[in-house]
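Position chains B, C, D, E and F against the provided structure of chain A, taking the given hints into account.
Protein chains: 6
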Amino acid sequence: MNNNVEVFIGCESNYEDSNVVLFGAPFDGTTSYRPGTRFGSKAIRSESFGIETYSPYQDKDLEDYKIFDYGDLELCFGNTERVLKDIEEQADTIFNDEKIPGMMGGEHLVTLGAVRAAVKKYPDLNIIHFDAHTDLREEYLGETLSHATVMRRIHDIVGDNKIHQFGIRSGERKEFYWAKEHTNLNKFNFNGLEEAVKLLQGKPVYFTIDLDVLDPSEFCGTGTPEAGGVSFTELLNAIIEVGKLNIVGFDMVELSPIYDQSGASTAIACKILRELLLSIQ
Amino acid sequence: MNNNVEVFIGCESNYEDSNVVLFGAPFDGTTSYRPGTRFGSKAIRSESFGIETYSPYQDKDLEDYKIFDYGDLELCFGNTERVLKDIEEQADTIFNDEKIPGMMGGEHLVTLGAVRAAVKKYPDLNIIHFDAHTDLREEYLGETLSHATVMRRIHDIVGDNKIHQFGIRSGERKEFYWAKEHTNLNKFNFNGLEEAVKLLQGKPVYFTIDLDVLDPSEFCGTGTPEAGGVSFTELLNAIIEVGKLNIVGFDMVELSPIYDQSGASTAIACKILRELLLSIQ
Amino acid sequence: MNNNVEVFIGCESNYEDSNVVLFGAPFDGTTSYRPGTRFGSKAIRSESFGIETYSPYQDKDLEDYKIFDYGDLELCFGNTERVLKDIEEQADTIFNDEKIPGMMGGEHLVTLGAVRAAVKKYPDLNIIHFDAHTDLREEYLGETLSHATVMRRIHDIVGDNKIHQFGIRSGERKEFYWAKEHTNLNKFNFNGLEEAVKLLQGKPVYFTIDLDVLDPSEFCGTGTPEAGGVSFTELLNAIIEVGKLNIVGFDMVELSPIYDQSGASTAIACKILRELLLSIQ
Amino acid sequence: MNNNVEVFIGCESNYEDSNVVLFGAPFDGTTSYRPGTRFGSKAIRSESFGIETYSPYQDKDLEDYKIFDYGDLELCFGNTERVLKDIEEQADTIFNDEKIPGMMGGEHLVTLGAVRAAVKKYPDLNIIHFDAHTDLREEYLGETLSHATVMRRIHDIVGDNKIHQFGIRSGERKEFYWAKEHTNLNKFNFNGLEEAVKLLQGKPVYFTIDLDVLDPSEFCGTGTPEAGGVSFTELLNAIIEVGKLNIVGFDMVELSPIYDQSGASTAIACKILRELLLSIQ
Amino acid sequence: MNNNVEVFIGCESNYEDSNVVLFGAPFDGTTSYRPGTRFGSKAIRSESFGIETYSPYQDKDLEDYKIFDYGDLELCFGNTERVLKDIEEQADTIFNDEKIPGMMGGEHLVTLGAVRAAVKKYPDLNIIHFDAHTDLREEYLGETLSHATVMRRIHDIVGDNKIHQFGIRSGERKEFYWAKEHTNLNKFNFNGLEEAVKLLQGKPVYFTIDLDVLDPSEFCGTGTPEAGGVSFTELLNAIIEVGKLNIVGFDMVELSPIYDQSGASTAIACKILRELLLSIQ
Amino acid sequence: MNNNVEVFIGCESNYEDSNVVLFGAPFDGTTSYRPGTRFGSKAIRSESFGIETYSPYQDKDLEDYKIFDYGDLELCFGNTERVLKDIEEQADTIFNDEKIPGMMGGEHLVTLGAVRAAVKKYPDLNIIHFDAHTDLREEYLGETLSHATVMRRIHDIVGDNKIHQFGIRSGERKEFYWAKEHTNLNKFNFNGLEEAVKLLQGKPVYFTIDLDVLDPSEFCGTGTPEAGGVSFTELLNAIIEVGKLNIVGFDMVELSPIYDQSGASTAIACKILRELLLSIQ
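Chains as they are written, first to last, in this note's numbering: chain A, 264 to 544; chain B, 264 to 544; chain C, 264 to 544; chain D, 264 to 544; chain E, 264 to 544; chain F, 264 to 544.
Be aware that a few hints might be false.
As the list makes no split between identical chains, a pair holds if one copy fits it or if it spans any two.
[Stated by the list, open to error] Listed next, the in silico DSSO-like pairs over lysine-lysine satisfying Cα-Cα at most 30 Å (straight line):
| hint | residue 1 | residue 2 |
| --- | --- | --- |
| 1 | Lys305 | Lys461 |
| 2 | Lys443 | Lys323 |
| 3 | Lys323 | Lys437 |
| 4 | Lys329 | Lys450 |
| 5 | Lys437 | Lys329 |
| 6 | Lys362 | Lys461 |
| 7 | Lys362 | Lys443 |
| 8 | Lys348 | Lys461 |
| 9 | Lys507 | Lys437 |
| 10 | Lys507 | Lys450 |
| 11 | Lys443 | Lys329 |
| 12 | Lys323 | Lys383 |
| 13 | Lys305 | Lys329 |
| 14 | Lys384 | Lys437 |
Honestly, the hints are just simulated from the structure, not real lab data.
Chain A with its partners taken away, still in its complex shape (with noise of 0.2 Å):
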């Protein structure tokens, strides 16, 4: 008899053998509303079960694939500095061995600590980025790591025209005006997608989902729901889409399981995972 082991349906593969590297980064220590995103990976493994692992809408299985789950980091609480970089060096280690790495959130200001390793393997990494807010701020409380900020910071990085936004509808209104002379900030939809496709192809691209991008009829299961957002069917159409491009790492973050008391929220992020995980193979 073994341990019991837990990871994302369809995702049984060991490390070598697998070109996808799941782990999760339970981590919500700067976000200022409501936390819970702590909880998002956990719950996305455990709740995968309810789900199938095959996609009718892209005809493929994730028992064809080899995708490996680490399970969660264990990250420490207070201390935002060390907690990126325990993910960067987690994803260090995945680029070395010429894997892909996919982050399961925890809260947005994760997606750095992640990029900061791939901007090493990639220096001319492209973000694309799904959203509700436009995660710009200069600070947010006089900090300058925060979910709030987390899309400046990467922009400090990456530098102008890297970042592709979608799906915003909130922010500070400096926010959205800064947007226009250093990000592409595509407002409300996906609108703008299929040109940014075009333009990225062949490049290295981080491609980071805020689920809360989706409506909070659908995904009310998160720290701050805006409403207005996509739906499922647009934001499976996008992922699809954005499987074209070389995406040479990924994150799905801010599913809070504590305000999901139905599981729905759950339940589409598992799925929405799934077929993430089918459109770049």
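This is chains B, C, D, E and F only, laid out in the frame that chain A set:
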């Protein structure tokens, strides 16, 4: 003074006068994931007083018809075959009295009991099946009687090309492939329904609605929420379309009030039942 | 140090400088089914700090306007007429100071108190009414003052053809039939709104939004969720359209936080209030 | 087949044969803080099937007695005096048929309706009152009819030294001081109950239990949980003690299922009602 | 990197080295009232990281012992006899390896599977049974295999005077009367336990704890909460007392996380399991 | 009209006149397990209107004293040291104005900020600490500033034999052993409190109450519920006992409203704060 009576709104008629007979089948004994549909029929009855008897969609009123609500069958737990027998007997009685049975689930397997009775009365029975799931497994966790096998068991009885499935968006790969040769499976939505209705004009039809055909945004109170479902308006129109057929029996299953914290799922189930009752009159 | 102040985000101006005056009417004493809207105004105020003051839809910012938030009226329970008087007095004061009252419910009956005051100031008052329900009963459970009769009572005051109703999808048959001769009732959506706005140019308009006009998928936190409602985007556009009129008073009612486990309903209510405040400036 | 009947477990007898008559008073219209007791009687009836008819405490079984359950009165909201009249009439009928009314609340004010009827039948009526609160205010938010004034209104009818209060641990200072001269108020627990029972031997007694007399650890499903309450075992023993008296009517009020996520509060209410019904037989 | 492992805290040893073997039996298929105990074992494992491995009560630490956690059995739903066989086989294997099986439920019927195995190994088996319910029905809703009959079925195997029951406070009259001649039933608390422990010195004992023996105030997360139960401290002392015996197998059943909104029930279950594991070492 | 003010009940006095100054520290940034105490102070303030200002236990009334409620500090997330500085500064101001600071958490680490200020004012400071947990770790997940290390950090400042701990029932083995030489740790209950109060007569005492010292049956609304705690009555008496000392500052921490579905935990926290405020006057 008389003892307290509790029925679905507008269904206070006595058995003899009624042409439609509602009853509950509070069973979820094969539900492998998240149980709770056993409480569905009771919740629907109790919460129905939050809606009106009048439908502004069909401009009809339940008060103009004769419908009887029996309440819930008393079903055992732990012996699936006995449960199905009890349901079949109840449906037998109603069919023999030349009335239309309308069953409130419970899980989807209860449909098998009613269909067994329906086929005895109408050997040429056709099935219209709204669902998120194929329900076409040969067995599930080693059992042949399961919510996940119910349409396959019904196929055992009615044979090829009698089952018309709509809204299907989840299942194993082999279920979808099997369906290509044995059922009329329509993925994701109600495309193809109009054609099916033409085909089935005048024939006896059993109509089974698994409420998880609805998108979880509108109906999260169910054991296995599947993103990408149909809307209330789409379902409503489909029900009115099906109402043109010779419906000899029907059911509405898989409401699990446990996962309906707000009550919105139970409320929509009540409204769908109202529209269904009106559409077949 | 000063005592703790709590207001709706961006509404910190003092009374004298403000042209709009918010106040809460935490009353649900005639709610027959599921109570809880008494907590609505408080929740909106408290959770408003989860949204931004800037609207990317209208490209306007609350920080550019002068709005005052009084907090909640202290209303009794059990004496409906007295509650209406207290609301009327508050509105009288605001009207007399040549400001626009903006009331947060509470149940829909509170609108009657504000309209009584509005009619004194603007005898030729028109009403724009967004709601799932007709609210046109003559009496309900024997009472003439009820959330289910409020538009009928308002009709008693303003007369025929002054009430313009949108999004209506629930009511008794006789209410719908009565409306044909006495109000401008538009079923299900905002078709007809543009025409009504043309008609009412320059006239004094009281604007009442029952939040259950929204689909329960987007707004489940209410006593009587009615499937088949409008979307946030549709409501937003309708509000911007109505904002072109001469709005002399407004309210937003029927948020019941008890049924909003995820907080998404309260969040959308905050956003709608923000857009409403910006649309009338 | 007969329409679905729903009664409290073991209370299926018909009206004529029964010596005790249960009915629900689903009213919480004066509840100023957290409403929801309107759902109490229905929840008790529905969940009673989770307990047994047999009491191992009293070694008695409900099946050995004749008890009738009428169901809930249909009460209006918004007109407190009319509600009290409807309750009084129901109690009048039961008293006139020489039976014992047993009312399930609802909020505590409903007791006033039943006591008005009781005093007509038994002019020398005494009251035994279990509660966390004094309920002795002269008025509350300007209203004299309120859950917070109910024992004061009953004092208006029965006069000094007729009300025996136990378990009281919350109220205004002046209520506690007023009680010293007008009622027999026992703080915190049931000390003094034995003495009161001796005093009241043979006299007609109305027995009212506000379930919030229980500690919130055992009974959190109520509008105003007050720490420091009595335990189930203490309440059980007190009920058995009171059962030695000539109980001419009784009620059990203030269960609010909204705040009872686990169902434990509703379950304890069911058990207390069972023990109460058995103790007076 | 290795796949994610999830075990009860402090139970990371491998199978060969361990003298105690934990496993989950996630089955609630005969639960007639409120299901959900199928999620019990998983929740206990997952939430155990909220407690410490050290017991200040016994001054012992799980880190000093060798315990293995297998995870959950994969059990079917809808075929009760097959479930019991699967459990029996798992227990057989553990007994044959001269280890102590420790099962986490699931509903109480799972105990029957383990006891069937235990009796094969230890024909003179005695049972210590902590529970709120007698569980001594001959059949329930027509079925002989049920959570409500489990101790009667065990009596079929072990015979008279081998079952020692404590904390019992709910059941049918005839169950209590039957127990007088066939089991050692102790009502309400642990009076009589010391005597039983003396009697059973040196004999093989199977120890089954139905967590609903606890008062619902401390443990509301269960299907059938029964007021008047024992406290954590009383249960802890009783477990330490029983730990003096020759425990050959044990289980802890009936946690239903669905009804444990706060997590306090799951936390207490974790702590009881820790104390139980330490008491038998 | 003035902007809406929200304070703890009975604490409406202005700063200058008051001898006690309440403020909230809404921080839970080092909480490793279940967050949410950041909402504690706001919930206490908001729900305090459900209790009375009068204590029947102490026969005192908040209306007779001068207490000021500042509201919540605006604290950042992600930078623990900055948070502690902000708290320390607030406490400094209050101490310098010769008033008593009363802090509402937030997690337990916030106490460190207040104690840093207190020690500057009262170098011979003693601590009375009510808690379920030792909080004596040297570091937690690599961090020295944590809710799990707070009393160790305070020991760094105040030294041996100055910390008096009561109700402790959870921690690592080495924490309990370390305490034997450095603090006055009393396990499980308040035995030893009377002696400590004698010892500390006249000395400056900072009083910190972690509400999880209460049994989870009475207080489940906290991140880490620990069975076997003290009762409200025991805590109340202990608070009155401590009130005899020279309390120079105090706090009450670890209410997490997220896990308090019924509101009973928030209600008991309000009552404890009332009793605490009255006991030190």
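Determine which of the earlier numbered hints do not hold for this structure and return their numbers in increasing order.
-> 1, 7, 8, 12 and 14
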